[in-house]
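Asks: Chains A and B, in that order, give the protein sequences. The first sequence lines up with residues 279 to 564 when you count with the numbering used here. The second sequence lines up with residues 199 to 528 when you count with the numbering used here.
To be clear, the hints were calculated from the coordinates, so they are not data collected in a lab. We put the CB at the ideal spot given by N, CA and C, even for glycine. Among the hints, erroneous ones may be present.
Unchecked claim - Below, computed lysine to aspartate or glutamate pairings styled on EDC-like, alpha-carbon distance capped at 20 Å:
id: 1; chain 1: A; residue 1: 297; chain 2: A; residue 2: 287
id: 2; chain 1: B; residue 1: 328; chain 2: B; residue 2: 252
id: 3; chain 1: B; residue 1: 206; chain 2: B; residue 2: 331
id: 4; chain 1: B; residue 1: 289; chain 2: B; residue 2: 252
id: 5; chain 1: A; residue 1: 338; chain 2: A; residue 2: 320
id: 6; chain 1: A; residue 1: 338; chain 2: A; residue 2: 325
id: 7; chain 1: A; residue 1: 297; chain 2: A; residue 2: 471
id: 8; chain 1: B; residue 1: 201; chain 2: A; residue 2: 322
id: 9; chain 1: A; residue 1: 297; chain 2: A; residue 2: 455
id: 10; chain 1: A; residue 1: 338; chain 2: A; residue 2: 322
id: 11; chain 1: A; residue 1: 297; chain 2: B; residue 2: 279
id: 12; chain 1: A; residue 1: 297; chain 2: A; residue 2: 320
id: 13; chain 1: B; residue 1: 328; chain 2: A; residue 2: 555
id: 14; chain 1: B; residue 1: 289; chain 2: B; residue 2: 279
id: 15; chain 1: B; residue 1: 201; chain 2: A; residue 2: 391
id: 16; chain 1: A; residue 1: 466; chain 2: A; residue 2: 455
id: 17; chain 1: B; residue 1: 206; chain 2: A; residue 2: 392
id: 18; chain 1: B; residue 1: 206; chain 2: A; residue 2: 322
Unchecked claim - From chain B, some residues computed to sit far from chain A (all C-beta separations above 12 Å):
id: 19; residue: 327
id: 20; residue: 448
id: 21; residue: 482
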Amino acid sequence: MKALKQKNEFLYFALRNRKLQIGLGVILFFVLLAAFGPLLTDYEPFDYVNPTGPVPPSSKFWLGTTFFGQDVFTQVVMGLRATFLIAILGGGIATLVGMLLGFLAGYRGGILDEIINVLTNIVLVIPTMAVLLIIAAYLQVRSLAMESILIGLTAWPWAARAIRAQTFSLRTRDFVDMARMSGESAFKIIFSEIAPNMMSYLVMTFILQFGGAILNAATLDFIGLGPTNAISLGLIMQYSMMWGALQFGMWWWFVPPGLAITLIVGALYSMNVGLDEVFNPKLREM
Amino acid sequence: MRKYFGRKLVIYLLTFFLAVTIDWLIPRFMPGDPVANMLARVSVNSTAASVMQEYYTHLFGLDLPLWQQYLNFWANLLRGDLGISAYLFPKPVTQVLMNAIPYDVALLLPAILLSWLAGNNFGAVAARSKWLDNTVSPIGYILTATPYMWLGILLAWFFGIILDVFPIAGAYSFSLSPTLSWKFIGDVLLHWFLPFFSLFMVQFGGWAIGMRNMIIYELEADYSHYLEALGAPRSLIRRYAFNNAVLPQLSGLALQLGVIVAGALVTEVVFSYPGIGYLLLAAIQNQDYFLIQGCFLFIIIGVLLANFVIDIVYVLVDPRTRRGMTGEAA
Numbered sequence: 279m280k281a282l283k284q285k286n287e288f289l290y291f292a293l294r295n296r297k298l299q300i301g302l303g304v305i306l307f308f309v310l311l312a313a314f315g316p317l318l319t320d321y322e323p324f325d326y327v328n329p330t331g332p333v334p335p336s337s338k339f340w341l342g343t344t345f346f347g348q349d350v351f352t353q354v355v356m357g358l359r360a361t362f363l364i365a366i367l368g369g370g371i372a373t374l375v376g377m378l379l380g381f382l383a384g385y386r387g388g389i390l391d392e393i394i395n396v397l398t399n400i401v402l403v404i405p406t407m408a409v410l411l412i413i414a415a416y417l418q419v420r421s422l423a424m425e426s427i428l429i430g431l432t433a434w435p436w437a438a439r440a441i442r443a444q445t446f447s448l449r450t451r452d453f454v455d456m457a458r459m460s461g462e463s464a465f466k467i468i469f470s471e472i473a474p475n476m477m478s479y480l481v482m483t484f485i486l487q488f489g490g491a492i493l494n495a496a497t498l499d500f501i502g503l504g505p506t507n508a509i510s511l512g513l514i515m516q517y518s519m520m521w522g523a524l525q526f527g528m529w530w531w532f533v534p535p536g537l538a539i540t541l542i543v544g545a546l547y548s549m550n551v552g553l554d555e556v557f558n559p560k561l562r563e564m
Numbered sequence: 199m200r201k202y203f204g205r206k207l208v209i210y211l212l213t214f215f216l217a218v219t220i221d222w223l224i225p226r227f228m229p230g231d232p233v234a235n236m237l238a239r240v241s242v243n244s245t246a247a248s249v250m251q252e253y254y255t256h257l258f259g260l261d262l263p264l265w266q267q268y269l270n271f272w273a274n275l276l277r278g279d280l281g282i283s284a285y286l287f288p289k290p291v292t293q294v295l296m297n298a299i300p301y302d303v304a305l306l307l308p309a310i311l312l313s314w315l316a317g318n319n320f321g322a323v324a325a326r327s328k329w330l331d332n333t334v335s336p337i338g339y340i341l342t343a344t345p346y347m348w349l350g351i352l353l354a355w356f357f358g359i360i361l362d363v364f365p366i367a368g369a370y371s372f373s374l375s376p377t378l379s380w381k382f383i384g385d386v387l388l389h390w391f392l393p394f395f396s397l398f399m400v401q402f403g404g405w406a407i408g409m410r411n412m413i414i415y416e417l418e419a420d421y422s423h424y425l426e427a428l429g430a431p432r433s434l435i436r437r438y439a440f441n442n443a444v445l446p447q448l449s450g451l452a453l454q455l456g457v458i459v460a461g462a463l464v465t466e467v468v469f470s471y472p473g474i475g476y477l478l479l480a481a482i483q484n485q486d487y488f489l490i491q492g493c494f495l496f497i498i499i500g501v502l503l504a505n506f507v508i509d510i511v512y513v514l515v516d517p518r519t520r521r522g523m524t525g526e527a528a
């Protein structure tokens, strides 16, 4: 009963928070567009549907066509699907690895903590994009799943570090001692005593990793190492640059994909600030 | 202080060691035959191809045992030999990269320093006024959410194509040859401005927001309330808050370096600016693996050096690290 009341309180503040509303609204819009957008178009992303080449947006081609006469709207909605897939998979993997290492290091301490700490510091210093570049460059065939896994496996360090610090401060609390004294396993203590007490933190970590994966994927795609068998928002931008969209003023080719990424990631940041206010009563009055 | 630098140095050396190992490992254990691929791309006649094949096999040392290959790789690396570029044959990779480095430094150094300084000061001011906060914060969030290449593309489109006031490709006009004349320097600056500005803007948003949040957090801290209760002037409290907020922003800069460098890579691609990013795109499109590997190593070394510089600055700014109290950033 008490838990329900508490949940309701969060929901109450969540539904009233303007930043959260805006963020969720934008994300929902793009999720729906990714889910149902392909039903609204008769074209395939790589089909040459317009024989005259590039045309600006019209009722027939909502976002115009590319240099080769491909429909930009179709490419963008399919690219959105790729973006969300990479964000969920890549962000999810990064959050999970960060949680695993963070919990372990923070709860166990000692030599394990030291080892994980050195590993975290190393991966933190290495520019992850450089590592992604060199691995992706040697892969002849690159899939979206592969890209997500690579991004997820290189993006976890700051999450691990933050979760470790939180775990470290929680593990000496009385309720954790109680659980330990009653003989519960470390695994159970971490997931039923410690993790629920930093749920807000974990949710926000996932949101930031979700956005980070989107930006990382866009960078990788733009430099020519995107998926070889799919379309993505970063790839659309890369093709537009390669085929002179700037010089010929084909703005409809490069504005929509970048705008979509900016709005999605911006909405995630806005959600994060909103959630912070919901979870942290000190900030609520603002 | 010695302990602080000792720890950092160990981490950097380990990182460098790991990076070189990755650099050696990946080409050897990835599926496919990079040498054959590279030769297919170069598409020379068959006798030349077989000569080159032999050359590369020798260079990779594929006929030696693995541990010896690995040692040879280190030996070559320490001599500054990173192989020959296939795309710019027969230039050595080290030389190709050395020619690109000045452009990267010219873009990154001012963009990083100026955006950090401007962003922090602006964020601190924004935290002070409700009106500024309501306008600056949303803009800041949108700027940090913008992918680097997209802002670059938009700036190139608006200032380069629509207004036609800035060139959008290259480091200087093709009609000019590099000389020390005012005309040439002006031309270089004109080409430099848009890529610099686009890098500057994205980072500026992030620092402004970070500083704003930090200041608000510091003003809620006990020492601020205590100072207030003592009747200290507002400006003094603000200054203390700023000094304390700058430290996490400095370690934040170290964490952001990788992202900023990645941003510079794609910005250079947009503006065809002849730094490492531009080389990398060409290397990827031509499957020039030695050049890709060289870019990788140079990026790692650059980021490690920058990290080290930030560590030194941190010691200068934060007295705790000097007294051996390692603080939270160590």
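Asks: Within a Cα-Cα threshold of 20 Å, do residue 297(A) and residue 279(B) meet the stated pairing?
Replies: 54 Å, violated
Asks: For a C-alpha distance cap of 20 Å, please report whether residue 289(B) and residue 279(B) respect it.
Replies: Holds, because 11 Å separates the two Cα atoms, which is no more than 20 Å.
Asks: Take the C-alpha atoms of residue 206(B) and residue 322(A), compute the straight-line distance between them, and say whether it is at most 20 Å.
Replies: 52 Å, violated
Asks: For the pair we were handed, residue 206(B) and residue 331(B), check the Cα-Cα distance against 20 Å.
Replies: The given pair, whose Cα atoms are some 37 Å apart, is violated under the 20 Å limit.
Asks: Taking 12 Å as the cut and beta carbons as the points, is residue 448(B) off the interface with chain A?
Replies: 15 Å, holds
Asks: Hint check: residue 466(A) vs residue 455(A), CA-CA at most 20 Å. Holds or violated?
Replies: Holds - the C-alpha atoms of residue 455(A) and residue 466(A) are around 13 Å apart, at most 20 Å.
Asks: Take a quick look at residue 482(B) and tell me if its Cβ sits farther than 12 Å from every Cβ on chain A, holds or violated.
Replies: 5 Å, violated
Asks: Under the criterion that the straight-line Cα-Cα distance not exceed 20 Å, is the pair residue 297(A), residue 455(A) satisfied?
Replies: 38 Å, violated
Asks: Is the nearest Cβ of chain A still more than 12 Å from the Cβ of residue 327(B)?
Replies: Holds: least Cβ distance 14 Å, greater than 12 Å.
Asks: Has the given pair, residue 206(B) with residue 392(A), been kept, meaning a C-alpha gap of at most 20 Å?
Replies: Distance ~14 Å between residue 206(B) and residue 392(A) Cα, so the pair holds.
Asks: Verify the proposed pairing of residue 338(A) with residue 320(A), using a straight-line Cα cut of 20 Å.
Replies: 10 Å, holds
Asks: Does the alpha-carbon distance linking residue 338(A) and residue 325(A) stay inside the 20 Å limit?
Replies: Measuring from Cα to Cα gives roughly 15 Å; hence the hint holds.
Checked against the numbered hints given earlier, the structure breaks hints 2, 3, 7, 8, 9, 11, 12, 18 and 21 and satisfies all the rest.
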